[in-house]
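J.: From just these sequences and the hints, can you work out the full model?
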Amino acid sequence: MNSHTIAAAAAGFTTAGLLASGCTYAALSAESQLFGKTLIAGNNPNEIPLTLDDGPNDIVTERLLEVLASHNVRASFFLIGRYVRERPQIARAIAASGHLIGNHTMTHPWLAWQSLARIRQELTECNGILEDTLGSAIRYFRPPHGARRPAVLSIARSLGLTPVQWNIIPKDWQPVGAEEIAARTIRAIARNQRQNRGSNIVLHDGGQAGLGQPRLPTVQATELLLRKYSLNTGTKFVTVDAWG
Numbered sequence: 656m657n658s659h660t661i662a663a664a665a666a667g668f669t670t671a672g673l674l675a676s677g678c679t680y681a682a683l684s685a686e687s688q689l690f691g692k693t694l695i696a697g698n699n700p701n702e703i704p705l706t707l708d709d710g711p712n713d714i715v716t717e718r719l720l721e722v723l724a725s726h727n728v729r730a731s732f733f734l735i736g737r738y739v740r741e742r743p744q745i746a747r748a749i750a751a752s753g754h755l756i757g758n759h760t761m762t763h764p765w766l767a768w769q770s771l772a773r774i775r776q777e778l779t780e781c782n783g784i785l786e787d788t789l790g791s792a793i794r795y796f797r798p799p800h801g802a803r804r805p806a807v808l809s810i811a812r813s814l815g816l817t818p819v820q821w822n823i824i825p826k827d828w829q830p831v832g833a834e835e836i837a838a839r840t841i842r843a844i845a846r847n848q849r850q851n852r853g854s855n856i857v858l859h860d861g862g863q864a865g866l867g868q869p870r871l872p873t874v875q876a877t878e879l880l881l882r883k884y885s886l887n888t889g890t891k892f893v894t895v896d897a898w899g
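The working numbering puts the first residue of the sequence shown at 656, with every later residue one more than the last.
It cannot be assumed that every hint is accurate.
[As the list claims (entries may be wrong)] With a Cα cut of at most 30 angstroms, we get these calculated DSBU-like pairs of lysine-lysine:
#	residue 1	residue 2
1	LYS891	LYS692
2	LYS692	LYS826
3	LYS826	LYS883
4	LYS891	LYS826
Since the hints were derived computationally from the structure, they do not count as laboratory data.
T.: Have a look at this one:
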């Protein structure tokens, strides 16, 4: 192999690597808009949507509802369809408390790597069980893990769903305490405020592994966050429909 051939091959590998890296970023970075527009955050740095993924979940979701009610705060819950089928009473309690409910697929797959038929099935079935359980239309959707490709966003929009991502994720599924979850979130909110943008927070009241996931530190962290920001009259908790 001569030097020109080696150089061409190296350039090809570099281009392929960059393309693969770019596609991965577009598919998995929560704030990327390369594969299509998603709802992330508004321009008001004092607006904070608190969003909860992967519920409904026994005990945890009910306790979260109590904490939110005690501070008169509405949140946005992105629910997994198979859990709603098993715990419809919790989903109804979320709706009855005035919170926004969104589609988080039926079984929580990595949608970016699924067939078109599977993507549509996951969204359609979740929408169906949510609407049958709640008696109202679903307008918002969050892809599990934030993973998407253009087809995912296109199918979601064809079903009347607005895709929602985030700009704060304190990784509350890790084995850390409530204080650390809250501290991570507070640091990220301060960063967003310095950049003059709102803060879209993802916490988890459940988990993809099944019902009964231990998320009580998330409940305690939520209480800490609500106490802090409820005392600051400059900030306001909103639901994601405030932005689109």
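J.: Compare the structure with each hint and give your call.
T.: Verification of the supplied hints:
Taking the CA atoms of LYS891 and LYS692, the gap is near 25 angstroms; set against the 30 angstroms cutoff, the hint holds. Only pairs whose Cα atoms come within 30 angstroms are accepted, and LYS692 paired with LYS826 is accepted, the gap being roughly 24 angstroms. As the CA atoms of LYS826 and LYS883 are separated by approximately 20 angstroms, the hinted pair is consistent with the 30 angstroms bound. A threshold of 30 angstroms between alpha carbons decides the hint, and for LYS891 with LYS826 the separation of about 23 angstroms falls inside it, so the pair holds.
Violated hints are absent here; each numbered hint is respected by the structure.
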